Amino acid sequence: MKTPPSPSSNPLPERAAVIGAGLMGAGIAVVLAGGVNGIENVSVMSRSEQSISRARARIDGYVADLARHGLLSVEPAIVHSRLRFTTSLPDAVSGVGLVVESVTEDAATKRDLFTQLDDLVPPPAILASNTSALPIAEFAGGMTHRDRVIIAHFLQPAHALPVLEVVRGAETSDATDAAMCAIWTALGRRPLRMRRDEPGFLINRLQHALVREAVRLLADGLATAEDIDAAVTHGLAPRFVTAGPLRQRDVNGLAMHVKVASRLWPELDMGDGARVAIEFLKAIVAAGGLGLENGRGFYDWPDADPAAVRRKLDNELLALVKSQHDAG
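The sequence shown begins at 1 in the numbering used here and counts up by one.
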């Protein structure tokens, strides 16, 4: 069986495809086509002309935002020239060396897609999924060439954040893993390798541990939503920008940390904290609280324009990414 190209040579394929043109798919397309070393031919596939139209508008905004913040190393016109849009799966994946799937987070939908990709896209092309939680076995178990399937999970917004998770399955080959990481590195991203296909991977496990405790604190009435958020945005987040949780513990001193952890960690594991948090969250959703999209969630969002709010937050994030980039 053929293997993906060695990462010691130019790791970028001549052609790539993104399947799914929602928020994540549009951002991933910009990552693939952006930069001096961007892939020259990137197909973006969605099922309808309406969704293609929305993807074009999103991509226009993403590229403009990156350029405004000095995070685009080529002219916007070059990025746009590398992209093409289609509603046909066979057309999208014709001759590609990489497919990145970003369809709805449903195992059956992904399984059907990967079965088609297995037939349409011959090895050694890499088939990557942007799933945030599904194990590879759930959607690729029936494929013939399972060794070339891997997870490439981006954070939202994909075009702005410089890291992504690369997660191999039990049958993913070493060559696929190495080639996948080499591709993202060449495109200016930092691949975070997860050594085993563990539920939630790396970032969601860390994120949900924090969010679960935040929801529990709110559910128990121990703090307001505003103060819980401020504890992160004005306390933890600035510290974590300069040093992650493990490096920070080293800097602060492990002798002191082990004393605090020995008392606090058992407390965090005790009682019904997880149950209380999830029941509280389910109650909000059951009462119609869906967050920004319908104006009610942990906060009230009266008359908020979801697209405008996301654009504002994306630009604040891009400014932070730019400052980190400049600082090296």
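Worth flagging that the hints you see were computed from the coordinates, not collected in a lab.
Predicted model, so just to flag it, every value in this text is computed and none were measured.
C-beta: ideal position from N, C-alpha, C; glycine also.
Each hint should be verified, as a subset may be incorrect.
Said to hold, decoys possible - Label pairs and their calculated CB-CB ranges: (1) H80 / W301: 29 to 35 Å; (2) A57 / N37: 22 to 28 Å; (3) Q156 / N294: 17 to 23 Å.
Hints versus structure:
no. : hint                    : verdict
1   : H80 / W301: 29 to 35 Å  : holds, 32 Å
2   : A57 / N37: 22 to 28 Å   : holds, 26 Å
3   : Q156 / N294: 17 to 23 Å : holds, 19 Å
Figure legend: structure checked against the earlier numbered hints; every hint is met.
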